[in-house]
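Use these hints to put chains B and C onto chain A, whose structure you have.
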Amino acid sequence: MDDLTEMLKGTLEGCVLEIIGREETYGYAITRRLNALGLTDVIEGTVYTILLRLEKNGLVQVTKRPSGIGPPRKFYALNDAGREELAAFWEKWDFLCSRIDTLREGGR
Amino acid sequence: MAIRDIIEGKRRWRAHLARVRALPPDYQIAYKEIQRYLFKAGPAGLAGEGLLAGIVDFLAEGAATGRGVLELTGNDVAGFCDGLISPSRQ
Amino acid sequence: MNLRDIATGSDITREWRALDARARQLPTGYQAAWEQIRSHLLRYSSFTGRNLTPIFDGALGLLEETAADGREIHEVLGGDIEGFCAALAGAHGARTYRDRWRSRLNRNVAGRLSRLGG
Numbered sequence: 001m002d003d004l005t006e007m008l009k010g011t012l013e014g015c016v017l018e019i020i021g022r023e024e025t026y027g028y029a030i031t032r033r034l035n036a037l038g039l040t041d042v043i044e045g046t047v048y049t050i051l052l053r054l055e056k057n058g059l060v061q062v063t064k065r066p067s068g069i070g071p072p073r074k075f076y077a078l079n080d081a082g083r084e085e086l087a088a089f090w091e092k093w094d095f096l097c098s099r100i101d102t103l104r105e106g107g108r
Numbered sequence: 001m002a003i004r005d006i007i008e009g010k011r012r013w014r015a016h017l018a019r020v021r022a023l024p025p026d027y028q029i030a031y032k033e034i035q036r037y038l039f040k041a042g043p044a045g046l047a048g049e050g051l052l053a054g055i056v057d058f059l060a061e062g063a064a065t066g067r068g069v070l071e072l073t074g075n076d077v078a079g080f081c082d083g084l085i086s087p088s089r090q
Numbered sequence: 001m002n003l004r005d006i007a008t009g010s011d012i013t014r015e016w017r018a019l020d021a022r023a024r025q026l027p028t029g030y031q032a033a034w035e036q037i038r039s040h041l042l043r044y045s046s047f048t049g050r051n052l053t054p055i056f057d058g059a060l061g062l063l064e065e066t067a068a069d070g071r072e073i074h075e076v077l078g079g080d081i082e083g084f085c086a087a088l089a090g091a092h093g094a095r096t097y098r099d100r101w102r103s104r105l106n107r108n109v110a111g112r113l114s115r116l117g118g
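Residue numbers (our numbering), protein chains in the order written: chain A, 1 to 108; chain B, 1 to 90; chain C, 1 to 118.
One chain only, chain A, in its complex shape (with noise of 0.2 Å):
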C-alpha cells in the first residue's frame, strides 16, 4: 500500500528495532525487509536517518564490517536500552491499536 507516510511516521522507528531485535543487519536490508513486508513507500533514506537517530540515544550497537565491494557497511543490534525501547514501542501500541479499534466499533 502506498500513502501511508504520514500515517507510518513514529512507527517507523518501532518497526526498525523490531527488525534489529530479531538478528544484526543493516539499512539496505532492513528496508527491503520493510518493501517485503508490503510498506513500498519506505526508501533506504528515511531508514539511515532513524537509524541514526538510534545511534545517537544509544538503542543500538554498531559494528563496521568490510562489505566485499564499496566501503565499509555499518551492522545495527539491539542493546539492553534498545531493547527497552521496543518493549515500550509494542506496550504503546498495543495501547493505541485496542482504543482505536474500541472507537472503530462504537464502544466506549
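These are calculated hints, taken from the structure and not from any lab test. Just so you know, these numbers come straight off a predicted model, no measurement behind them. Positions of the beta carbon are idealized from the N, C-alpha and C atoms, including for glycine. Check before you lean on any hint, since a few could be wrong.
Stated by the list, open to error - A few chain C residues facing chain A, derived, Cβ under 7 Å:
(1) L62
(2) A87
(3) L88
Stated by the list, open to error - A few chain A residues that face chain C, going by a derived Cβ cut-off under 8 Å, partial list only:
(4) E44
(5) L52
(6) K56
(7) R65
Using the frame of chain A, we list chains B and C on its own:
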C-alpha cells in the same frame, strides 16, 4: 514582515487587534507570541492574515469555555502553530 | 586540529575539500543528489559550519555505500531530499533558524504565563 506590511494601517487589522484585546490575559500573551512566530515562519499576505484571524476565532472560542490557553494549544505552542501552517509536517 | 586552524577555519576548508574529493568519485546521478543535499544541509549550519562535517560525512557514506551496491539514487532517497536532510539534521541535533524561533516561542509563552501567575 510581509504579512504586517500588507495589513498594517488597515481597518481590518485594527479590528483584529481589538478582538485580541478582548481575550483573557493569558490568551493575549500566547497570541502575541504566536503572531510573532508566524510573522517569521508563517505564510505571507492574505493567507497569513486568514491564519491569524482563524487563530483568534479558535482562541476566543476556547476562552469562552473558561479553560487556560495552554489547555487549548498544549505546552508545545510551536507544534500547534506548525500544525496549522502545514498539517502534514509536524 | 590546532588553535590556529580553528581561528582561521582552515581545518574546515581542509575537511570540506576531502569531502568534495570523495563526492567526485560518485556516479553522476549521485553527484547531483550530493549537491542538493549539501545546499539543503547548509541551512543547519552553525556560525562556523563545524557542526555539519559529521553530517556531511555520514550522508556521503550512505551515498558511497549505495552507489557501490549499484543502486539508483532515486531508490535510496526518494523524491524528498529536503525531508531527508531535515531528518538527518534532526538526528544530529542541528537546528535551523526556524528551530530557534520555535524554542523561543515556547519559552516566551511559558515564561510570561508563569509571571502572570495563577
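(message) Hint by hint, where does the structure go against what was stated? Just the numbers, ascending.
(response) Hint check: 7 fails alone, others pass.
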